[in-house]
Amino acid sequence: MSEAHSQPALTARQAGLVGCHSCGRVHEMGTTHCTRCGVVLHSRMPGSLQKVWAWLFAGMVVYIPANIYPMLLTTSLGHTSESTIIGGVIELVEYGSIGVALIVFVASVLIPVGKFVAIGYLALVVRPGSRMTRGSGLHGRQRLFEVVEFIGRWSMIDVFVVAILSALVQLDFAATINPGIAAVSFSLSVAFTMLAAQSFDPRLIWDAEETQAA
Amino acid sequence: MTRIVMLAATALVLMVAAVFFPFLEISAGGMVRRSSLLDAVLAFSTGMMLPLTFAVAALIIVLPVIRLSTIVYALAPMALGWHPAKHAVAAFRVAQALRPWAMAEIFIVGVSVALVKVAGLAKLSFGPAFWTFAVLVLVTVLSDNYMCRLTVWKTLEERRK
Ligand SMILES: [Zn+2]
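Chains as they are written, first to last, in the working numbering: chain A, 1 to 214; chain B, 1 to 161.
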């Protein structure tokens, strides 16, 4: 089947089989539980896309306050200054730490926004009847999903930075650093988008091949 | 298998050391403050930030410990050529589910960024626990690289008989 790339791939469902999403063992269609690891078998996870949209939407909503409200509160000599995610990046640039500024910018802005776009795109194109279902580029979509799943957790860097700074710079110094409310909403945003990626059933990507073959 | 078990067990021991020894040392204007990993986690423990404390503690200490323990539990008997322990399947499923949520390696990058940020304010230096934690991250990444999820499941299934 797969010798020629022009031919559509045969999905397990078409072959009357169902693969375990947890351990990869393949069973006859109709088997309810995996004989190897015991999870409930689904040819496609039920309600996968609804869950993806729900988590993705939640993640996007809490990402807004994460950018508006301060991430760090620095008090020195009775004067408190607040810095947001972007503010923190600008501060680092002013220190001349371009490399570190770049790391924070990528982790806190590029990765989250890129994830929103990528998960939204994947959820759109795998809809049954989507006009964007074409045989080409399915490998690309699978790759995109794997990247999104792998990279999302790295957004947590800035939250850990805030935790470490607040622990270290305390009352006995000229300055005190406290976490701002954005630290909470940003963490939630990362967690929600991770859940969105985990709810996505990558097998849906390959259903486009079925519709094409039919 | 043996290699994975050894690495995971090593990482567990390192984690205990990393939590209790001083992690970072900060000095400014003649004052020195030592802070352990636990202190860093407890930084959020006031008021509204309490949930964040639990989250950070879970991500960098609790979840990695659970993940490493379940790996050792599920794989050690097989490394020795025995039948898998009771609930080894459940244990390995937990380990698999926790993988994205154990964020020790991300924390290390966070520490480095924090170091740069605080540079203008005070002098920071690493305590023994930092190096322990860094080795722990390395060991965890190594054991993850050796571990093939499908091979583990296959072995679990074969040995159960
Ligand atoms: Zn299974």
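If you're looking for bench data, these hints aren't it; they were derived computationally from the structure.
Don't take every hint at face value.
Here are the computed distance ranges between Cβ atoms for each label pair [unchecked claim]:
id, chain 1, residue 1, chain 2, residue 2, range
1, A, PHE57, B, VAL13, 25 to 33 Å
2, A, GLY114, B, TRP131, 30 to 38 Å
3, B, VAL13, A, VAL106, 27 to 35 Å
4, B, GLU25, A, ARG143, 52 to 60 Å
5, B, PRO128, A, PHE57, 42 to 50 Å
6, B, PRO100, A, LEU110, 37 to 45 Å
7, B, ARG159, A, GLU94, 35 to 43 Å
8, B, HIS83, A, THR32, 20 to 28 Å
Each residue gets a CB set at the ideal place from its N, CA and C atoms; glycine is no exception.
Taking the hints in turn, this is what the structure says about them:
Remark: the range hint 25 to 33 Å for A/PHE57 to B/VAL13 is contradicted by a beta-carbon distance near 43 Å. The beta-carbon spacing between A/GLY114 and B/TRP131, approximately 33 Å, falls within the hinted interval of 30 to 38 Å. At roughly 34 Å, the beta carbons of B/VAL13 and A/VAL106 sit within the given window of 27 to 35 Å. A C-beta distance of roughly 44 Å is found between B/GLU25 and A/ARG143, which places it outside the suggested range of 52 to 60 Å.
Checking the proposed 42 to 50 Å range against B/PRO128 and A/PHE57 shows it holds: the Cβ atoms sit about 45 Å from each other. In this structure the supplied range 37 to 45 Å is violated for B/PRO100 paired with A/LEU110, their Cβ-Cβ distance being about 19 Å. Range check, B/ARG159 to A/GLU94: about 59 Å between beta-carbon atoms, so the 35 to 43 Å window is missed. Restraint check, B/HIS83 to A/THR32: a C-beta distance of roughly 26 Å satisfies the suggested window 20 to 28 Å.
Hint compliance for this structure: hints 1, 4, 6 and 7 are broken, all remaining hints hold.
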